[in-house]
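A.B. asks: Top to bottom, those sequences are chains U and E.
Position 89 of the first sequence, counted from 1, bears residue number 89 in UniProt numbering, the numbering being contiguous throughout.
Position 45 of the second sequence, counted from 1, bears residue number 45 in UniProt numbering, the numbering being contiguous throughout.
In short, the hints are calculated from the structure, not lab data.
For every residue, glycine included, the Cβ atom is placed at its ideal position computed from N, Cα and C.
Take these hints with a grain of salt, some might be off.
[Stated by the list, open to error] Keeping only pairs whose Cα atoms sit at most 30 angstroms apart, straight-line, the calculated DSS-like set for lysine-lysine is: (1) 30(U) <-> 128(E); (2) 126(U) <-> 194(U); (3) 231(E) <-> 241(E); (4) 126(U) <-> 7(E); (5) 194(U) <-> 56(U); (6) 237(E) <-> 128(E).
[Claimed, not checked] Computed, partial: chain U to chain E, Cβ under 8 angstroms: (7) 26; (8) 33; (9) 133; (10) 138; (11) 143; (12) 149; (13) 152; (14) 156; (15) 157; (16) 233; (17) 259; (18) 262; (19) 282.
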Amino acid sequence: MSTATSAIAAKPAKRLTRGRLIWRRFLRNKTAVVGAIGIVFLFGLTLFGQYFLYWKFDDIDTNAFLMPPDSAHLLGTTQAGRDVLALTIRGLGKSLLIGFLVAMISTSLAAMVGASAAYLGGWYEKAMLWIIDLLLVVPSFFLIAVATKGAPEGESSWLILVVLLAIFAWPLSARVVRSLTLSIREREYVLAAKFMGISPFRIIVRHILPNASSLLIIDATLGVGGAILSETGLSYFGFGVQAPDTSLGTLIGEGANMATTFPWIFLGPASVLVFLVMCVNAIGDGLRDALDPSSASGGQA
Amino acid sequence: MLRYIGKRLLNYVVLLYVAVSLTYMLAATQLNPRALWAVRQPPVDPAIVEAQLRQYNLSENVPLLERYWTWFTGILHGDWGYSPVGLNVAEQVSTRMWVSLRLLLIGTLAGIVMGVAVGAWTATRQYKVSDRVITALSLLVISTPAFVVGHITQILAIMFNNATGTRFFEFIGETGEVGNYPFADLVDRAQHLLLPTLVLILLEVASMSRIQRNLMLDSLGADYVRTARAKGLPQRKAVMKHALRTALIPTGTYVAFAVATMFVGATFTERIFNFPGLGQYGVDAITHRDVNGIVAVTAFSGVCVLVGAVLSDIMVAILDPRVRLQ
């Protein structure tokens with residue numbers, strides 16, 4: 001009897017909150033932790049990197065055209081004598097910014113449209129599903145390229161790219177949110193709120209979306225990687241971020257033509273891009289394991 | 001059942017019509033073919049430019065709806081219009097389609113089969129060294145854009161060629177110098193196909209094995225597999241007969257989509273290895289302000305997506321007894 005009580009007393013007195021539980025499960029996934037550290041490092045690099053560099057991204061070193069990496073230019077120079085490291089950090093900043101903005105906008109859109117379609121139903125749901133199908137049936141890559149081709153150029157033209165990428169990124173997630181909402185809206189607390197006369201908008205924001213939050217967090221994280229890949233793909237072909245501004249895709253596209261003879265122009269930005277997307281995907285994987293209650297890969301909490 | 005399929009088909013056709021029409025409006029307003037002549041030296045007489053643009057239904061001086069109507073009635077007769085320099089769009093698409101098919105079919109199919117095998121195998125060995133290594137490798141490949149993978153394989157291939165002093169790897173175009181020996185033609189084509197096919201397989205295996213691994217893990221933990229084991233079925237048989245079969249049902253849907261949408265899906269591979277296929281055509285159409293060309297590519301890809309959707313519906317109905325029962 002006494003041993004049993006002491007065994008119970010030995011257990012932690014406080015119950016773990018959900019946040020602590022998820023945090024523990026996330027920390028147990030070593031790849032995800034490395035990914036998170038990597039992202040923080042890259043953010044630091046874009047924010048403060050320029051203060052440690054001698055060359056600015058638009059400087060031209062007339063003594064070094066197409067030079068391989070050395071002590072003056074750590075990652076070499078381009079054909080025009082620009083420092084590849086400075087350009088890469090500048091491009092990284094733009095790619096990060098675009099990736100995060102697109103993921104935030106498209107996940108919010110997906111959450112609102114998906115949840116409201118399932119909750120309200122009727123002709124509204126039909127119309128939304130139809131728009132989703134419409135956006136899924138055409139190749140978004142080509143349409144975004146066409147739209148940016150005719151868009152006005154200038155300092156803030158990358159904002160148009162963000163909007164376009166977001167427009168085509170939300171539909172699939174919205175479908176997933178909708179099917180999840182279909183089951184949440186039948187729960188007692190949602191019905192209770194409904195019979196208390198609370199407006200649909202409030203119910204969606206206060207009761208439905210928080211219960212879909214794990215899905216939304218994962219969706220947003222993976223959306224960052226997807227958006228970065230779409231942006232760099234477009235920029236690679238010259239459709240995305242326009243010169244004089246630069247992104248990782250623009251740099252890779254410029255370097256690719258000479259990749260076999262002057263590999264540093266290509267390899268520098270390409271490795272940074274791969275590292276960035278790997279970090280984002282690793283975090284996404286870790287979050288999925290940590291947030292999904294039925295996931296076996298999280299281990300025991 | 002037939003009525004249901006008919007209704008869905010009708011819905012798809014309407015969807016495609018609206019999507020392609022909107023694409024036409026977008027392309028016709030955003031791409032400005034007149035700019036092609038503006039950069040010519042010496043300058044071209046504006047009257048001649050206008051005449052040529054009108055001839056190909058590309059002049060923005062004609063109201064958009066009128067241009068749209070001309071374009072639309074043309075399609076009903078199988079005429080997809082012309083590029084600003086007078087190339088027949090329908091002819092272009094129908095020849096480039098086969099280039100894409102020749103390039104992509106082997107890589108896509110081999111990649112899917114290998115991906116399914118690798119994914120199912122790693123799932124049965126969850127958290128063992130082999131699973132961890134393959135998971136890490138596929139994460140690396142998934143995080144690497146296709147254009148980076150393509151260029152890296154090219155750099156490696158050139159290093160290999162230089163080191164051995166041969167031209168074992170060919171990476172430009174569909175055919176090159178053909179030797180003078182039996183089946184030289186075939187060998188030459190195979191050489192040119194080798195590298196892009198490897199890239200396609202690599203990309204497909206990485207994403208497919210991830211999907212299949214997750215599906216397989218779900219079905220391995222399912223009650224019916226445990227029941228089968230508890231009744232004394234050997235692990236191997238339980239995995240093959242019960243777990244793998246169920247895990248393959250969603251894969252069928254994915255495969256139907258992947259094959260149908262493969263045509264415009266490999267834009268990067270086509271561009272890097274210089275195969276004049278449909279993906280490359282789409283990119284060129286945009287840079288050359290070819291309104292009719294890009295709309296045709298979009299329409300073609302839309303048809304592919306819908307064929308994929310219908311195929312996957314049918315596939316699920318065949319594979320999954322639960323659907324048939326309803």
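A.B. asks: All hints, please: hold or fail.
C.D. replies: Now the hints, each set against the structure:
no.: 1; hint: 30(U) <-> 128(E); verdict: holds (16 angstroms)
no.: 2; hint: 126(U) <-> 194(U); verdict: holds (22 angstroms)
no.: 3; hint: 231(E) <-> 241(E); verdict: holds (14 angstroms)
no.: 4; hint: 126(U) <-> 7(E); verdict: holds (15 angstroms)
no.: 5; hint: 194(U) <-> 56(U); verdict: violated (58 angstroms)
no.: 6; hint: 237(E) <-> 128(E); verdict: holds (21 angstroms)
no.: 7; hint: 26; verdict: violated (17 angstroms)
no.: 8; hint: 33; verdict: violated (15 angstroms)
no.: 9; hint: 133; verdict: holds (6 angstroms)
no.: 10; hint: 138; verdict: holds (5 angstroms)
no.: 11; hint: 143; verdict: holds (7 angstroms)
no.: 12; hint: 149; verdict: holds (6 angstroms)
no.: 13; hint: 152; verdict: violated (11 angstroms)
no.: 14; hint: 156; verdict: violated (18 angstroms)
no.: 15; hint: 157; verdict: violated (14 angstroms)
no.: 16; hint: 233; verdict: holds (6 angstroms)
no.: 17; hint: 259; verdict: holds (5 angstroms)
no.: 18; hint: 262; verdict: violated (11 angstroms)
no.: 19; hint: 282; verdict: holds (7 angstroms)
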